[in-house]
Amino acid sequence: MSMTPDWDAIRADFPILDQEVHGKPLIYFDNAASSQKPRAVIEALDRYYERDNANVHRGLHALSTRATDAYESARVKVAKYLGAASAEEIVFTKGTTEGINLVAQTWGAKNVREGDVILLTEMEHHSNLVPWQMLAERTGARLRFVPVEPDGTLALERLGEWLTPEVKLFAFTHISNSLGTINPAAELCAAARAVGAVTLVDAAQSAGHLPVNVQEMGCDFLAFSGHKMCAPTGSGALYGRAELLDAMPPWHGGGEMIVTVSYERSTYKKAPGKFEAGTPNIAGAIGLGAAIDYIEGIGRGAIFAHDLALTEHALAGLVSLPGVQVQGPRGRRGGLVGFVMDAAHPHDLTTFADQHGLALRGGHHCNMPLMKKLRLPGTTRASFYFYNTMAEVDRMIEILTTAGRFFA
Amino acid sequence: MNSELEELYQSVILDHSKRPRNFGEIGEGAVQVHGDNPSCGDEIDLSVKFGAEGVVEDVKFKGMGCAISQASASLMTMKLKGQSEADAREMLRAFQNLVTIEAAESPRMLGDLRLLAGVRKFPQRVKCAMLAWRAFEQALERKAGGDVSTEEA
Chain A
66 MSMTPDWDAI RADFPILDQE VHGKPLIYFD NAASSQKPRA VIEALDRYYE RDNANVHRGL
126 HALSTRATDA YESARVKVAK YLGAASAEEI VFTKGTTEGI NLVAQTWGAK NVREGDVILL
186 TEMEHHSNLV PWQMLAERTG ARLRFVPVEP DGTLALERLG EWLTPEVKLF AFTHISNSLG
246 TINPAAELCA AARAVGAVTL VDAAQSAGHL PVNVQEMGCD FLAFSGHKMC APTGSGALYG
306 RAELLDAMPP WHGGGEMIVT VSYERSTYKK APGKFEAGTP NIAGAIGLGA AIDYIEGIGR
366 GAIFAHDLAL TEHALAGLVS LPGVQVQGPR GRRGGLVGFV MDAAHPHDLT TFADQHGLAL
426 RGGHHCNMPL MKKLRLPGTT RASFYFYNTM AEVDRMIEIL TTAGRFFA
Chain B
70 MNSELEELYQ SVILDHSKRP RNFGEIGEGA VQVHGDNPSC GDEIDLSVKF GAEGVVEDVK
130 FKGMGCAISQ ASASLMTMKL KGQSEADARE MLRAFQNLVT IEAAESPRML GDLRLLAGVR
190 KFPQRVKCAM LAWRAFEQAL ERKAGGDVST EEA
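Note that the protein sequences, when read in sequence, are chains A and B. Using the numbering used here, read the first sequence as starting at 66 and increasing by one per residue. Using the numbering used here, read the second sequence as starting at 70 and increasing by one per residue.
Don't read these hints as lab results, they were simulated from the structure. You may find that some hints are simply not true.
Said to hold, decoys possible - Once the Cα atoms are required to be at most 25 Å apart in a straight line, the calculated BS3-like pairs of lysine-lysine come out as:
no.: 1; chain 1: B; residue 1: K190; chain 2: B; residue 2: K150
no.: 2; chain 1: B; residue 1: K129; chain 2: B; residue 2: K87
no.: 3; chain 1: A; residue 1: K437; chain 2: B; residue 2: K131
no.: 4; chain 1: B; residue 1: K148; chain 2: B; residue 2: K190
no.: 5; chain 1: A; residue 1: K437; chain 2: B; residue 2: K129
no.: 6; chain 1: B; residue 1: K150; chain 2: B; residue 2: K131
no.: 7; chain 1: A; residue 1: K437; chain 2: B; residue 2: K196
no.: 8; chain 1: B; residue 1: K148; chain 2: A; residue 2: K89
no.: 9; chain 1: A; residue 1: K437; chain 2: B; residue 2: K87
no.: 10; chain 1: B; residue 1: K131; chain 2: B; residue 2: K196
no.: 11; chain 1: A; residue 1: K175; chain 2: A; residue 2: K335
no.: 12; chain 1: B; residue 1: K87; chain 2: B; residue 2: K148
no.: 13; chain 1: A; residue 1: K334; chain 2: A; residue 2: K159
no.: 14; chain 1: A; residue 1: K335; chain 2: A; residue 2: K145
no.: 15; chain 1: B; residue 1: K87; chain 2: A; residue 2: K438
no.: 16; chain 1: B; residue 1: K196; chain 2: B; residue 2: K148
no.: 17; chain 1: B; residue 1: K87; chain 2: B; residue 2: K150
no.: 18; chain 1: A; residue 1: K334; chain 2: A; residue 2: K145
no.: 19; chain 1: A; residue 1: K175; chain 2: A; residue 2: K334
no.: 20; chain 1: A; residue 1: K438; chain 2: B; residue 2: K131
no.: 21; chain 1: B; residue 1: K129; chain 2: B; residue 2: K150
Kindly produce the complete structure, drawing on both the sequences and the hints.
Okay, here's the thing in structure tokens:
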């Protein structure tokens, strides 16, 4: 392990954090929804638009060459970041949701038949649930769910009850966005492989927070969003194992994804080109590449350790508050805490916090079925990133203490 | 404490959210309406019994949600009971103005509902205050009966 990063200097790289909200210093604890961007990423976008902006893969002029090089070198960065075997296994998307929909509508349409089972878990974000419901509706496949135990973990010792040979695809989240649970992705992928099921990992909450290596994990697909890991909104990528991507039909038709076109028919590029119709989000991809450089400069191991320290500190503070229940597992978990305060509904608490400069998220976190199962009207969530501090966590506990009295 | 918060969560509002009035269901002969705020998960089941010429004879609600949505529903049921259809519609219009327009007047007919004027400083909370009223609007439109659903606009 290298030396401890200089967290104060790192925080200073994020211009947005230096501001007041409602007259109070901003405490940004809504990182699971979207992270802030360091100057390095903002400047990469500026540089692109001020010097290199042009369409990719088609111009023969200097700017188009530069834009293409920058776009394709971002793809190489994503491939290395995820430990993919090659850059051809990386499809640029506008985020996790688009990546999952791409798989559902191409791989799913080709491979899923009536009577097949799509296995999910009860803790999936709507983005890893609704696309499969839509696929099941079209194909007659059935959905099945691995239950969540009261402690917020999956019922792993009984996994075999649900992960049976009828399962065509097992799609699960790496880190739950509402519970903070870290699922044992490598173990789940191995179990799926043993019954011949293809796996898709929703890495929205993990890609920017801990080391993710698709080959070590053994997954077939993995989707993530750039905006939750310092990159611009509308950036992201889907990893797909080459063999699977090559066998999949294209998705959107249009320019850029074709080899030859006649009035009657067309032939398509190989992956990843066949999945990137139209002018892509070039700036977004370049920004994602810059975000990866920035994150790798700190180190994902150090980021995860920092997340965990903040989360443990927050958990200790929250459980000491009267009438507060914390959701999700104790111990090793993702950098977020969902909780319920008896005296105040999550929306009232979130409004209260906002008036004190504290940005939290209140609601169902796109986990409506899970909230129903847990019999909760929603939770309030604090989610951390490496630029957050222990002092901010202390301040949050003070604000919540005041809120408890205010709403009592 | 911050004055906008004090204004939003006045003691009457917190009291109604914790001890909602007219909480429950009217059985036979009432129009039943279900309303949702899909972005936040708040829900309401409103039953309205209309009498001759559309007079609101009785109104009750059941629901789950934040202090603003619950207090607004509770205060609404108290004010609507016994109103003519025309007055009920006028209240709906006046209340919507109250929570959305910065310089809106605060007509006396709204009574304690005027305490919800603080919502106008919190645009993302307007849908909470309006949830019960949207359900009531649906009830007016569907006086014939049967379950209907309202969704956030």
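Quiz prompt | Violated hints, by number in ascending order, as checked against the structure | solution = Hints 1, 8 are the ones this structure does not satisfy, whereas the remaining hints hold.
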